[in-house]
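S.K.: The lines below spell out each chain.
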Amino acid sequence: AQTVTQSQPEMSVQEAETVTLSCTYDTSESDYYLFWYKQPPSRQMILVIRQEAYKQQNATENRFSVNFQKAAKSFSLKISDSQLGDAAMYFCAYRLIIQGAQKLVFGQGTRLTINP
Amino acid sequence: DTGVSQNPRHKITKRGQNVTFRCDPISEHNRLYWYRQTLGQGPEFLTYFQNEAQLEKSRLLSDRFSAERPKGSFSTLEIQRTEQGDSAMYLCASSYYTGELFFGEGSRLTVL
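Keeping their order, the protein sequence lines are chains A and B.
Our numbering puts the first sequence at residues 45 to 160.
Our numbering puts the second sequence at residues 199 to 310.
Just so you know, not all the hints are guaranteed correct.
[Unchecked claim] Between beta-carbon pairs, the in silico distance windows are:
1. A:GLU61 with B:ARG262: 45 to 51 Å
2. B:THR218 with A:GLU73: 35 to 41 Å
3. A:ARG107 with B:GLY214: 36 to 42 Å
[To be verified] Covered by chain A, per the in silico footprint, the following chain B stretches (three or more residues, Cβ under 8 Å):
4. 228-238
5. 241-250
6. 274-281
For the record, the hints were derived by calculation from the structure and aren't laboratory data.
Keep in mind that this is a model prediction, so the values were computed, not measured.
Heads up, the beta-carbon is just placed ideally off N, CA and C, and yes, glycines get one too.
Kindly produce the complete structure, drawing on both the sequences and the hints.
M.R.: Encoded structure:
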């Protein structure tokens, strides 16, 4: 069974600094998608960045980038130039496609605090 | 606002009562999902609709839970005879086929 593990329940960073959130996963599949989602307090979960496993190049979205290590089954998120609005729960997720349904398997989450 | 809408946002009920949550997906999305998120955990998949057909149900969805999506539009999730263990955030999400999943803000259930 696919599992996703986030070993950092909480992280904090000074505004404008860089922070890296860790995620490891387990799967026997060779082609899959990985995601990072952001969940601000009392707000909906939004997609931050996605990575397709067959692509060797790490995904980047503005200040957000990933370090995808397929052999190690590691998928970390780097946030550069942290801003106060980045404060949120961050979830790493693995996507399964079963009978046309895309089922996301989420990690436990990392609460990110930005210190002004 | 053309995002995924969920109502009510918060429901407090006594153990044994029935509750119903509603989800209005993004209009052109043909796939709708329900997830449950307990405190301090990531969301867990509950069930999935393709148009009006419920095609997948998790083992987490006991017989007290029922979901519908009449006419392939909005969806309802009903919990009968609520238990304290049902207290959680119930998230709805929708997508166009296997495209990006868009989540609603969730419906928080507190069972006293």
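S.K.: Hints numbered earlier in the text: which of these fail when held up against the supplied structure?
M.R.: Violated hints: 3 and 6; rest satisfied.
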